[in-house]
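Using the hints provided, position chain S relative to the given structure of chain B.
Protein sequences, first through last, are from chains B and S.
Here my numbering is used: the first residue of the first sequence is -6, the next is one more, and so on.
Here my numbering is used: the first residue of the second sequence is -6, the next is one more, and so on.
Fair warning: there could be bad hints in the mix.
[Claimed, not checked] No farther apart than 25 Å at their CA atoms in a straight line, the calculated lysine-lysine pairs in the DSS-like style are these: (1) B:K24 to S:K265; (2) S:K266 to B:K19; (3) S:K197 to S:K235; (4) B:K19 to B:K38.
[Unchecked claim] Quick list of the computed label-pair ranges, beta carbon to beta carbon: (5) B:D182 to S:A188: 38 to 48 Å; (6) B:D268 to S:E189: 24 to 34 Å; (7) B:E246 to S:E189: 39 to 49 Å; (8) S:G4 to B:S186: 55 to 65 Å; (9) B:A188 to S:E278: 34 to 44 Å; (10) B:S230 to S:K197: 42 to 52 Å; (11) B:N93 to S:Q50: 31 to 41 Å.
[What the hints assert, rightly or not] Listed next, the stretches of chain S that the computed footprint assigns to chain B, with coverage defined by at least 3 CB atoms under 8 Å from CB atoms of chain B: (12) 151 to 161; (13) 235 to 247.
Since the hints were made in silico from the structure, they are not lab data.
What you are looking at is a predicted structure, and each value in this text was computed from that prediction instead of being measured.
Where is the CB? At the ideal position from N, CA and C, for every residue including glycine.
2 protein chains.
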Amino acid sequence: MQKKIMIAGYGSVAREFVRLILSRSKGIKEKYQIDLLVTGIIGSKGMIYQSEGIQLQELVDFGTGSDALLLYSQHFEIPIIDPRFEGDVLIDCTPTNLENGEPGLTYYSQAIRSGMDIVSVAKGALVHSFKEIMLEAQTKGTRIKYSGATAAALPTLDIGEYSLAGTTINRIEGILNGTSNFILTSMMDDHLSFAEALQLAQQKGIAEPNPVLDVKGFDSACKLLLLSNSLLGTDYSLKDIKIRGIDEVSMEEMLNIKQKNGRLKLLATAYKKEDQVVLEVTPCEIHSHHLLFNVNGTEKGVLFETSEMGTICCTGGASNPKGAAAAALKDFINLYRIG
Amino acid sequence: MQKKIMIAGYGSVAREFVRLILSRSKGIKEKYQIDLLVTGIIGSKGMIYQSEGIQLQELVDFGTGSDALLLYSQHFEIPIIDPRFEGDVLIDCTPTNLENGEPGLTYYSQAIRSGMDIVSVAKGALVHSFKEIMLEAQTKGTRIKYSGATAAALPTLDIGEYSLAGTTINRIEGILNGTSNFILTSMMDDHLSFAEALQLAQQKGIAEPNPVLDVKGFDSACKLLLLSNSLLGTDYSLKDIKIRGIDEVSMEEMLNIKQKNGRLKLLATAYKKEDQVVLEVTPCEIHSHHLLFNVNGTEKGVLFETSEMGTICCTGGASNPKGAAAAALKDFINLYRIG
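Chain B extracted, bound-state conformation:
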């Protein structure tokens, strides 16, 4: 069956998604009988749309962002138009905006009203209005997947939803942000101060120019929120999470922990306490018996404590645009596969 794809946002993740479609679409058609067709891409200055399908091979040669879409439109002599929502699924690759969830929020609403499913790599809209979006989708009978927004290539939601289906999850604990883990690892192993480690991360392209979301713990908190609301049945927002970032960690604290053979990790934790689920993001000293002890550098990891299956821990997954794009492609396949 053919599935028409619209992509919102055309940064590095979206471009990697297009590249993956180019390299994997034949295999996906053979294995899952799903025929992929990208018909529209929305950038910040408007949308390119071709009902017969965007020429992806040409598109990837034009770079990323609105400029790429403009070059494409000039090359193929098609107009840049206002966003319109037609097709089977919207892949949201817009930047994460925690202020008001836009432009994702408006896009989701329009996509859902057009009967489209959504695969999201962005956290903004979901974190801002999780309940409202889910309710709207349920009412219209459309579906939303967001592995790309919950640690991307590291399986987190999948494990909770599929591998632990039918079990009771009592605790979720994760190192969910690669940038802050890289900084903490550099501080501990290379004896750098927070500022030095952050600078190193920025030089390596690991930390963004504005690292606030990562180092203040908000990115981890967003992922934890989505996991908890999805898997533990909570109805929380960011303000319900106790958040402490890593920007106040001192070298003295680090050395003290190192002397005890410990490690400092920014842990995002959801646990049950007297019929309530408590969410916390905070730097924690852990020791070698902890399942996430060896998750270092830009690596991420998550563990689930269950009543029936014991504790299951998953680590790894590429922390880069290709990994995030592959997570979106996985969600897309899992939406439409049969069996």
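Showing chain S alone in chain B's frame:
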């Protein structure tokens, strides 16, 4: 919707499965709209069948095995009958028989012909006749899930099928047998000989009275075979796997590895070599950078190397009948859930 369940084999895993249904069926109905009804259970001496549903609360009080089914039949004054296959799904909890795959093989054939799906905790039939069973199921439009046969509570197939959908898996490597891992761990940490460690494992109920399948590497090989045939598209049987068990590991070898800060693990590995997939089960010396280095005792673990998502490693999962039963319940839910 109501789903009628038949269980084949009534050992400890099947009994835990029944217990799970008792405790979780209300929650499953609420969350997945699936109404579970166990209508028949096949033991080695025949079957109990009640179209209105077996009284599970009474059943679990009668113990396990054919004796329990006999006591139940006497208590409720129903006959022990020849196996018949009616219902939506067969849960196969029969003992693993690698000789000829029976009685599972006959049951599968009859269940598939009756249009039933299959959830398997047993390895025998699938390892013996993987291709034939899959083909028969495909022809009849029924489905087979077998998490319980591929490391049970540790997610292995799920990760390959769902979390890595659309990626290229280049290597699978796992510690897939808890008993042999316990023995190797005891040999290394407690300086026991193989014979002493095996005896300890038997005393603790970890190793079976006949430990050949575990310590000779066959159990690991069976799981590897099912993973490879399912995820890497191979069409192999056990004879295609190079298998070396742990029963020839000497204390001298162990001490030598320990001096180098290494660990000896029975690794089951599938990797690509010149367009071929090679399968091996063999004790390997690994060091602290290896992702499975800290998988000790009865723990299991698996890693997947992919082209798109990097390496993903999953460890843990209860190695006991309850964990295996929970894996079967998960497969059952994933067969019939909507979305």
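The hints, checked one at a time:
Distance restraint check for K24 (chain B) and K265 (chain S): the Cα-Cα separation of roughly 20 Å lies within the 25 Å cut-off, and the hinted pair is therefore satisfied. Between the alpha carbons of K266 (chain S) and K19 (chain B) the distance comes to roughly 23 Å, so the proposed pair stays at or under 25 Å and holds. Our distance criterion of 25 Å between C-alpha atoms is broken by K197 (chain S) and K235 (chain S), whose separation comes to about 30 Å. Between K19 (chain B) and K38 (chain B) the CA atoms are separated by roughly 32 Å; this puts the pair beyond 25 Å, and the hint is violated.
Checked against the hint of 38 to 48 Å, the pair D182 (chain B) and A188 (chain S) passes, with Cβ atoms roughly 42 Å apart. Taking the beta carbon of each, D268 (chain B) and E189 (chain S) are about 47 Å apart, not inside 24 to 34 Å as hinted. Here the CB-CB span from E246 (chain B) to E189 (chain S) is close to 45 Å, well matched to the stated 39 to 49 Å. Separation of G4 (chain S) from S186 (chain B) is about 59 Å and conforms to the stated range, judged on CB atoms against 55 to 65 Å.
The hinted range of 34 to 44 Å is satisfied by A188 (chain B) and E278 (chain S), whose Cβ atoms lie roughly 42 Å apart. Checked against the hint of 42 to 52 Å, the pair S230 (chain B) and K197 (chain S) passes, with Cβ atoms roughly 47 Å apart. Against the hinted window of 31 to 41 Å, the Cβ-Cβ separation of N93 (chain B) and Q50 (chain S) comes to about 53 Å, which falls outside the hint. Counting residues of the segment 151 to 161 of chain S whose beta carbon lies closer than 8 Å to any beta carbon of chain B gives 8, which reaches the threshold of three, so the coverage claim holds.
Here's how the segment 235 to 247 of chain S fares: 0 of its residues keep a CB closer than 8 Å to some CB of chain B, so the rule of at least three is not met and the hint is violated.
The structure is inconsistent with the numbered hints 3, 4, 6, 11 and 13, although it conforms to all the rest.
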